[in-house]
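Participant: Sequence:
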Amino acid sequence: MGRKLLREEFLMSKTVRSFGFLVSMLLVLSIGCGSSASPVPSTGTEPGKPEPSPAKQQIAKASLEKSAEASEADAAATTTPVKTAADEYVIVLDASGSMNEKMGEESKIALAQKAFADLLEKIPASARLGIVVFGHRLPHTDPKSCEDIEVLAPVGEPDRAALKTAIEAVKARGETPIGSSLEQAASLFSSDARKTLVLLSDGKESCGADPAAVIRKLRDSGIDVIVHTIGFGVDEETKKQLEAIAEAGGGKYFDARSGAELGSVLQEAAGVAEGMLNQCLEEVTGRKVVLRETFDGDAIPTGWQVLNRDDNRIAVDGGKLLIVTQYRAPWAENDKIANLVRSTKPVSLPDYEFSSEIRFQPQMQHHGVAIQLQQNDSNYIELQYYADPHGYNLWRRFRIVKVLDGEWTQVSVSGAIGAAKTPLDIVLKIVKKGINFYGYATYPDPESGKVSERLIGVQTAPTITSPRLVLKAANGASDHYGSGKVSEIDAEFDNVTLTRLDIARNFIDRGKDPNAVYQTNFLDRRAFEREFIVHNPDPRRMGFACGLNLVSRYGLLGNNRKPAVPNLVEYKGQLPDGDWDVIAQLTTRLTTAGNSAGFALIQDTQTMLTVEYASLEHGYNQKRRLRFGKLIGTEWTVLEDPAYRFGGSPDWQDVLLKIEKRGRKYTAFGYFKNEKSGKWEWIKIGEQTLLKFHPRLHLYAANFQQDHYGYEKTHEIVGRFSRLLILKR
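Numbering-wise, our numbering comes out as the position in the sequence shown, counting from 1, plus 787.
Since the hints were made in silico from the structure, they are not lab data.
One or more hints might be untrue.
Derived DSS-like pairs (lysine-lysine); straight-line CA-CA distance at most 27 Å [what the hints assert, rightly or not]:
| no. | residue 1 | residue 2 |
| --- | --- | --- |
| 1 | Lys1452 | Lys1463 |
| 2 | Lys1237 | Lys1107 |
| 3 | Lys1123 | Lys889 |
Distance windows between CB atoms, simulated [said to hold, decoys possible]:
| no. | residue 1 | residue 2 | range |
| --- | --- | --- | --- |
| 4 | Lys1500 | Ser1239 | 49 to 55 Å |
| 5 | Gly1193 | Thr1229 | 48 to 54 Å |
| 6 | Lys1075 | Leu1242 | 22 to 28 Å |
| 7 | Trp1195 | Asn1347 | 27 to 33 Å |
Beta carbons are placed, not taken as given, at the ideal position from N, Cα and C, and that holds for glycine.
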C-alpha cells in the first residue's frame, strides 16, 4: 500500500531530519591575541562585568514576545504532544581582535557575518538554536577580556530577523577563550537533545585553556556533543589545534582560505545533519485499479492467452485459474513452458503494481509458481516461489529475478526447508517505480505462522518498459534429486490485479556551491551526453531517474583486466590545477558480497585511486566497508574504514564519497549515517600518496566477484549518483 509520503525508491533514509541541512553548526570565529590564566566565563551584570550588549537585549525582547505567543497557544491547546529527543545547535561567534584582519577586500568578521546571514535564511523555523558571542565588548588589553563571553540567545526557535541584526552589530575586539566558550555553549543544551557544535577559528586558544581537553571532559561526563571545526586562514600550528578539537569531539576539520571557501565549507559542515544530500521525494497521489481478474467464468478471460496450451492441465474452475504443474522445459525457457498465461496487451504505465493471490503446496524439488513482467522471452522480471534442491530435501524460496538477453540474476529470501504440509495461501506482488522493480511476498512465517508482507528484493531494468503480464506454474526440472520424476501438483491463481500508481516526484537540490568549478545533479540528459563519455556501454544497465543510475555487473578496474567494468562513466573535463576536492553523492543497497559503487581517479590502467562503498565476504555473510584504493603498476593498496556493518544493507543508503587533494597527499572520506546511533558523520578512510598524478574522474558500479561465497551469483545492485562536485581549494 502507498504511504502518505515516500522517499524516491533509491533513497535509503525513510525520513528526513526536521532541521534540514544548515542548522548543525557552532561557529567559533576566533584568533589568538594573547594569553592569561584560564578565565571564569560570565554573561551576567555583576559589578566589574561587561554589560549585556544591545544585541542581546534586542533578542531577549523578541524572545519574550515569542514566549507570550507560545503561552497563548499552549492555553488554547487541548492535547499535549509526546516529546522526543530533539536536534539542538549552538552557534558561538568569536569576535576577537584579529577578526578585523582583511581577507581580500573585506575583514574576516564581515565575511563571517555574511556567511552567518546566509545560514539564517536556510535554517528551518523549527530549528532549536542557541548563540554565544565572545570578545565583542572588551578589548584584549582589558584584564577581563578572557571573561567576555555572552549568551546572545538561549537554545530555542530562532527569531531570524533579530539574530541577523544582532550579528551584524557585533564588533571584533578581544581575546579568544575557546575552551571556556565551548564549555558554556555545551551547558545550553537540553539533557536529552542531540547536540552539535561547529568551531570556526582563525587562531588558537589565547586564555590558557586546552579546548580539546575541555571537549574530552564534556564527552567523558556524559554530554554527547559532536564538535566540528573550521580553520579560517590558519597556520599549521593553529590547524593542528583545530584538528585535535574536532577529533576529540568526534567531528571533522574543514579548511577555508577565502570568503567563498568559508561559505562553501560552512555549507559542507552544516551537511553533518543530512544537508549535504540532494533528496528525491515521492508522494503517491492516487491509485487506480485498471485490471482485476477474479476468474468468475468458465473459460480463460478475454485479454489473456495461453501459450503451449495443454487442456488436460489448465482450467477456470470455482472462481480460480487452475494450472497443474508439469515438466515441459527447464524453468527459464518461457517459450516452451506449458500453459504459460500471458496478457494480450503490454503495460505502458510508468508506475504500477501487479499482484496475484496464489494457493500452492510445493512437495518436491522444482515445484514452482511465479508472476512475470515479460518484455519478451529473453527479457523480463519474475517474482517466484520455487522449491530448490537442498541435498535430499527441498528449500522453498522466494526470489525476484531479472533476465536481460537471457542472462539471469536474482535476489532471494528463504521460505522454509522441506515439503509444505498444507496448501499455502500467498500473494506475489511486483511494484514498478521508475526503472526499479520491487518484489514483495505475503506468506505465513514458517515458525510463528503470522502472515505478513515482506520485501524480497529489488531489480533495476531501464529497458523493461512495456511488458506483458504473465502467470506461471510449472515443474522446473524433471527429476527429484535423482530418485524419480517430479510430481504434478495444483496451483490456483485468483484476484490478479494491475493498479496504476500516480506518483508526484520532487527533486530537492542542495543548490550551487559557490566554490565549485563543476557541479551536476545528473537531471539533464543532454548535458550528461556533452560532459561525460561512457566506456563499455550497456544501456540495459544504465538509466536516468533522480540522477544517474548505474547497475553493477562483474567487471574489474586496472591492469587491463577482463572483463572491464561496464558503463564506466568518464567526466570529459580536467580536474583543476593545485589542490581540490571531489565529492559524489551515491545511493545504493548492497545485498551480496562483491558489490561496489563509487568513483575512480584514473591516470592510466596502472595508476589510479578509487573510493567506494563495497560489500566483502565475511564467512557465509558479508561486511560493508568504505574503501580507498591505490593502484601502482600491478599492486593495490586498499584502506578501509573501521566501522562494523554486518550483513546486507537494511535499506537504501545514502553516502557522500570524497577525495581531498593537498599537494601529493590524497585523503578519502565518507559521509555516512551511523547505523547504531542514527547520526550522520564524516568518516576518514585514510590517506594515500601519489607523485606526478594527473587523473581523469570516473563513476562506476561494479561487482568485483562473480558469486556470493560460492553459493549464488552476486546480485546486480544499482548505484545512483545524484550529485557531483569538483571544488578548487
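Participant: Which constraints among the numbered hints does this structure fail? Numbers only, ascending.
Facilitator: As far as the earlier hints go, 1, 3, 4, 5 are violated by this structure, in ascending order.
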